[in-house]
Amino acid sequence: MPISLIFLLIVLAVFYFLYISLIKKKNKVKEASSGIEVQLKKRYDLIPNLLQTASKFMEHEKFLMEEITKLRTEAMNGSFSNNPEQAAKIENALSNKLKEFNISVENYPDLKSNQTMVQAMDSMKDVEEHIAAARRFYNAAVNDLNNAVEIFPSSIIAGLLGIKQAVFFDAPENEKQSINAGDFFK
Amino acid sequence: MVSSDYFAKLRSDFEEFYYQKLWLKLTTMEQDRLKYLHRFWILFFLMGVLLPALIIFIFGEWFYLILTQGSPKEIESLVKLCLLGATMIIAVIGSPIVTYKLKIKDSIIEDFINYFGSFRYSPLSCIHDDIIRNSLLFNSYNRHSSDDHFYGTYKNVTMTISEENLRYKHNKGESKIFKGIIILLDFPKSFQGQTVVFSDWGIFNFLHKIAIKLQHISFEDPVFEKKFEVFSNDQIEARFLLTTAFMERMLKVKKVFGGKKIQFSFFDNKLLIAVSSAKDMFEPSSLFKSSTDRRPINEVLEQFISVFAVIEFLKLTQQ
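Residue numbers (my numbering), protein chains in the order written: chain A, 1 to 186; chain B, 1001 to 1319.
Since the hints were derived computationally from the structure, they do not count as laboratory data. Even for Gly, the Cβ is constructed at its ideal location relative to N, Cα and C. There's no promise every hint is true.
Unchecked claim - Computed cross-link-like contacts, BS3-like style, restricted to lysine-lysine with a CA-CA straight-line distance of at most 30 Å:
{"#": "1", "chain 1": "B", "residue 1": "Lys1315", "chain 2": "B", "residue 2": "Lys1261"}
{"#": "2", "chain 1": "A", "residue 1": "Lys28", "chain 2": "B", "residue 2": "Lys1155"}
{"#": "3", "chain 1": "A", "residue 1": "Lys30", "chain 2": "A", "residue 2": "Lys112"}
{"#": "4", "chain 1": "A", "residue 1": "Lys26", "chain 2": "A", "residue 2": "Lys62"}
{"#": "5", "chain 1": "A", "residue 1": "Lys41", "chain 2": "B", "residue 2": "Lys1189"}
{"#": "6", "chain 1": "A", "residue 1": "Lys125", "chain 2": "B", "residue 2": "Lys1289"}
{"#": "7", "chain 1": "A", "residue 1": "Lys112", "chain 2": "B", "residue 2": "Lys1315"}
{"#": "8", "chain 1": "A", "residue 1": "Lys26", "chain 2": "B", "residue 2": "Lys1315"}
{"#": "9", "chain 1": "B", "residue 1": "Lys1009", "chain 2": "B", "residue 2": "Lys1213"}
{"#": "10", "chain 1": "B", "residue 1": "Lys1270", "chain 2": "B", "residue 2": "Lys1227"}
{"#": "11", "chain 1": "A", "residue 1": "Lys26", "chain 2": "B", "residue 2": "Lys1179"}
{"#": "12", "chain 1": "A", "residue 1": "Lys30", "chain 2": "B", "residue 2": "Lys1189"}
{"#": "13", "chain 1": "B", "residue 1": "Lys1270", "chain 2": "A", "residue 2": "Lys125"}
{"#": "14", "chain 1": "B", "residue 1": "Lys1226", "chain 2": "A", "residue 2": "Lys30"}
{"#": "15", "chain 1": "B", "residue 1": "Lys1270", "chain 2": "A", "residue 2": "Lys42"}
Unchecked claim - Chain B is nowhere near these chain A residues, computed Cβ spacing over 12 Å in every case:
{"#": "16", "residue": "Gly35"}
{"#": "17", "residue": "Asn49"}
{"#": "18", "residue": "Lys89"}
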């Protein structure tokens, strides 16, 4: 067999393996996105129950609850898989509002001890943990794909196939901020 | 040695507990110990000295003839017979040691562990094979024995602590699969899939991948990745169980146990923790030392502290 043919076969094999690896990474990102969507759906389903229970007690927080409802509708109209950047922005805003809501609940002892509310808050906590886990999986998959898209030689194949870098799902700003102990002693 | 204020206090308070709960029982056991020691030396003289001498006196010439003029098959049969005889003699001579060991454990070990929580000691129980196999940590064993088995609660967490020995018997003998402590408890979070955390085997990590039919999970923490290999059937659930905080705690446990191999399996809403140890654990006294000798007692105290340190470091007592 002529050397040039062997060389061509090797090049084709390398190309094929890089192609497989890239497609796998791309599909992993898709799998991770749908994982996030499943968890976000659980959150959307829980919010009405949470707000309904709270509305009987938290009359002074109506504005906050309206904002949460608005963000939930906005988030449900979008899709994480189609536009992760925009969806992440809305989801992070929703996460921040839900955290504000949790803090507000502390001011209503009757609500805090309400059994339906306790259960709803526990479910929400569980869902938030699952969302955080799904986000870690998604970001790991995105990191793998982005490395492959950027690094030679798979970057050439990615360019030929039109595979682009994916967007990370960053944690909400207040989750990233480090705690300043001094703030608590002011 | 585990160092933290909590365990330092446990150690300092142990003195009082020792004199209140254990000392009297151990002192009473001293009479039994001397009785078993006497029995041991009699058996040692009869079975270990007199019987072999008698056998050699009667059959020595015959043995000599087989060894010098016998066929290889005859020599092999003689060697096998001698080995069988020696094993039986050792078992008989060692019987007072075993009986004393069981008796002293029966007498004090339950009180001992109840210094930490509320436990029942059942020497004849072991962790069921189905549970061990379902953990996917150890599949290739066909011999299973257990030495000590405790079931109860520590700070409201129900758990089983068991000293287990798993082996694989093949044509050429037995291979050790696992020897050490298994801790089995209900995990505070509810989950459906399975996640297995092996110790890192370096270049031999591919063996885990061959043995286990779960997806390999890569984590963002490079230190954790260096120490452990994680497999799961659910990428998201694995990260739900192994949060960054929990991973840090697992690394701390690994550090506390030094070179000892520690592995975890999350399945059926349970967490199984396996800590390898070549040592025979939870032995509070030896036939050849006074029953009130503090060295073995202190050693058992440290062993129990190490077990509960795993629970404390992983913060499994916090729901």
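If any of the earlier hints don't hold here, list their numbers in rising order. 2, 3, 4, 6, 8, 9, 11 and 16
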